[in-house]
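Engineer: Protein sequence lines correspond, in order, to chains A and F. Just so you know, we're using the numbering used here here: the first sequence kicks off at 55 and counts up by one. Just so you know, we're using the numbering used here here: the second sequence kicks off at 1017 and counts up by one.
In case anyone wonders, no lab produced these hints; they're calculated from the structure. By construction, the Cβ of each residue, glycine as well, lies at the ideal position given by its N, Cα and C atoms. You can trust all of the hints, since none of them are fake.
Below, a list of computed lysine-lysine pairs in the DSS-like style, where the Cα atoms sit at most 27 angstroms apart: (1) F:K1404 with F:K1449; (2) A:K514 with A:K496; (3) A:K514 with A:K576; (4) A:K221 with F:K1591; (5) F:K1407 with F:K1449; (6) A:K457 with A:K542; (7) A:K97 with F:K1591; (8) A:K616 with F:K1156; (9) F:K1383 with F:K1404.
Here's a subset of chain F near chain A, in silico, CB distances under 8 angstroms, partners left out: (10) L1052; (11) S1085; (12) S1086; (13) N1088; (14) S1590; (15) P1593; (16) A1594; (17) P1595.
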Amino acid sequence: MAAMVRIPLTLFLIASLPASALAHNTWVGALQLSPSQEPPLVKLLSEEVDYSMENLVAEDGTRPYFLSYSVTDIASSVIQAKLGAVYGDDQNRSRVLDLDLRVGDYQLDSSHPIRGRGGFGGRRTLPSFLGGAAIAIDDNPNAVRFALWQATGNAFDNAIERYRQVKANLKTMVEEKNQAADFSKEEPVRWFEEEIVVNLDRNDWTERVQRVSALARSYPLVFNSSVAVIGSAENRYMASSEGTRLRTTRKLLRVVLSAETRADDGMDLEQSHIFNSATEDGLPSEKEMTVAFRAVLEQVMALREAPLVEPYTGPAILLNRASGVFFHEIFGHRIEGHRQKDVNEGQTFTNMVGEVILPEFLSVVDDPTQARFGDTDLRGFYRYDDEGVLAQRVELIKDGVLKTFLMSRSPLPGFDYSNGHGRREPGNSVVSRQGNLMVESKKAVPFEELREMLVAECKKKSKPYGFLFEDISGGFTMTTRGGPQAFKVLPIIVRRIWADGRPDELVRGVDIVGTPLSCFSKIICTGNDPDVFNGTCGAESGWVPVTATSPSILVEDIEIEKRERSQERLPLLPSPIIDSKN
Amino acid sequence: MFSTLLLLVLSLSLPAQEKDSIIRALADELERSQTLTLDDMGTPYYIQYSVNDTETWQAEFTFGGLTSSSTNHSCTLTTDVRVGSWNLDNSNSSGGGFGSWGGGRRGGGRSSGRPVALPEDHDYDAIRHAAWLASDAAYKRAIEDYSDKKASLNDSRDSNRPADFTPSEPIVKVLPLATLSFTDSDWKDSLEKGAQLTNLMNGYPQVVDGGFRISARATNHYIVSSEGTQIRHGNVQYTMNLSVTVETPEGPRLSDSQRWLSSSPVDFRSPFLRSRLVSLVESLTKTSEAPLLDGYTGPVLFDDIAAAQLFQALLARGVAAQPGEAGGGRRRFSGGENLERLVGKRLLPTPFSVWDDPTQSEYQAVKLAGHYLFDSEGVAPERVNLVKEGKLVAMLMARTPTAKFSGSTGHGRGGRGGATRATIGNLFVQHDKGLSSEKLTQALLTTAEMSGLEYGLRISALTPGMASMMSGGNMQDMRNFFRRQRGGRGGSPSPLGDPLYVTKVFVADGREELVRGLEFDSISVSTLRNILFAGNTQVVWNQGGAASSSIIAPPVLFEELDLYGIEDNSGSESKLPAPHTRKK
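Extracted from the complex, chain A is given alone in its bound form (with noise of 0.2 angstroms):
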């Protein structure tokens, strides 16, 4: 194995950047695409489909309705450096085949939950595992019809035996409340994207890596950082039983930043910076890089010295791209279509469409057709989604009221179609996720009135500060049944605001917690001052990227806890770098 590069896993937010605070959302319509014909592999895989559907059977006769291949084929690139030293220079290429074979009918298929099943937190009423498969790089016929037909013959004997298992399921359980059917109907589509590829000159890449995060040797208590370029170019070919045929394509780069460091108390704290770029012409230069590296480093350090935090309940600033990762935590992952179906999920808002749940100065809806909001290109982006369905806007919520869900194929009672949310990364099996969420605010002020708000809120209460959430590295939520309702918010820049007029203080160890629904209630006004926050979000169906955008959101109340840390000590010997150059 090559040095691993450490990418932020969860959603993960970006070193603060000045905010450009932007009036308007900025519509991008379809790139300048030239249509291509049908790929060679396209046409394959739609052979084969029409091959297996008409020639499985089993021995008492039983057909699939619905076959589907997906192959997933990423090349990706990494340079990375330490102090300035080649870490990593790898390049891969993997393909990864996919598919989706039901037997049964649209109404009640293989894919159905099998209730009564599973231990602790009752999670395996989901189709098992199927994982993807390998399968040839170079487009060889032979290679690619092979693995097929070896997978298919898995799926096929998994899925009668499994809609067996379903059958009787449903002999023995309590009638099921919810009587949407397992799969939906929907148009087939023909779209072809031109193939892409990464195009990194390594050698001069190599360099300014190398360079920039040589920084980091005049800093001999920063324990571990990393300069790195991340590159990957997927392009996705698929065909499916009702005349699917897609090939579709991805680029994500982007350039991370990183420093660690442990405070005197054996606190460990990091900091990152992450530019996202969807060409290589948007990453930035290496003076850009210098800058926000140099700034990295000097961040991480000042939380050595910021004052530890008492847990706390009052009123706070979450800042526009912390209330982003705040909003998909909370509200996002709760407005998953398939969690409304499943009995194990704590299904907080399946029953409240058309009630209001948040607000009525707040509207969110999820967009993964856009492409860039600003001048920043949106990692959720995609034309069409991992079951080839067209990816659409969806507005979840409108002047505080809840409209609907988002959806994969997997229908729910009321929600018949998919809206283009069911994603997957590949290997796994799809589940409804977030495109590029959006919070939308009517009630909007500059942000040093919302800061005079939050002081005015505190002296209200009687609070001697408030705090300012700036940066948060990720969160995490759980919403099935078996645990509590409870989120938990990880910030990595928080300051405290005082009521009387002190300078802001920069504090660590804290972190955010609380209930979803009571949380909502306490949004009191918004900023004008959107952002976007790019990540990558970890779910059942595996990691996919995302944004969350949002302006900053004042609330009244939020609950902080300590976070926990480890009790080591600080290495007993100085750094052997002394850098004579600094």
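Position chain F against the provided structure of chain A, taking the given hints into account.
Structural biologist: Here is chain F on its own, set in the frame of chain A:
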């Protein structure tokens, strides 16, 4: 300090190290780490840095297509810091509890953390920086473990415990760097040839799975220790692996694979691979068409590699010392029991001798996978006579003593998870009065006749068993193994794989007939005492994995073994014709 002085003297005599930034950085940081001290805890009494710098190119093919191709360079540092004394130190402490899953502190005195990455460009400062933090963490963990261990020993009554570690003579040797000897265009050509080779599979409807894998790996090992050892040694290995699976008429599958080691990448493109693929397919096909045998009790001849597979399963793990488990207290699911309790006792019939000799690089012009110059504790291996006149007389040792043995034989090599434990290198089995192949077959027939049987069984290969899984099987083997386990009879798995190529040899006229569908009843190391005869020729069987090894063994004849018929219904519901069997 004595060791520091020694280090200085040695470095004077070693101009070559000046050029190697890894050795230079590790030696410089080692000097500082020897001063590590916290509160009233003493400085480390032993520190070892090990670096593995590996460049790997590999590719896989199936049915004419390339399924993966990757190049990788990795450079990692493992740090062993010991506090206390040779007699009692922090190693093998139980203090780790559940938290120590990644470190594997059990077994063989591991006191180090997980490997950390070093820069690929071998930057001096960055290496020192990494070694600095790794040493600091290892030292802090060591003093914690040491306190835990002392506390737990205070209330144990075991006063005869062996020492924890043994000193070793310092070795200073910087050998030339190992590098891969092919060009980008050679590699490209190998990729084409690999695809073409597997395209042959499309010509055989009965072949339902299979593949070809090539890998070229250059590894440079570095060891720098507080005893003054400074070693750099490397090796290059080109490996080819061919596997084929065919379907039997009633559904279950049969697989076989072959592995070749080579010193040249030219073999990746060798035409001999085509004939090997064809013969692999033919052997499997013939076997798949052979009649099922539902059981057998009688003489069995382990021929060809089956004999080496037998010794691998029953002896290889057991003759390597397993500190902390001396006396054979627990038998874990580890593919072979600890044989130390049998030292001085009979293991095999009298004419047998067994020895391990990693210093030998070839046997009868076949490259031996178990050859190496230094083990991972910086000790040069020596030949160890394990079995003399049928009696077990010694064990293979790493630097951690056991109840009966102390002092390394240079067999401490990386086990799973980076833990160091004794492991075989080249294990030789020899019989003083070996018979020729004809006489051995005759002995099989005579024994069968005496038991009133019409035939005896000759087994010439086994499928990979639990023992070979535990010592680094590949993914394909794993999958096949677990697929079989599902269909098997249940119960505890035999360390031995199932017989793959089996023939009935008839007493009446010596004719041979293929059969299939058998598995062994319980076989253990004590079964070896019942060997009647052995051959006078030896077969080399090379095993890959983290610590690659070779078994060199003659065919052996057992007077009587029990075999059962396998019940396996693991067929598929789908009768979808495979692509290469469809009518065009």
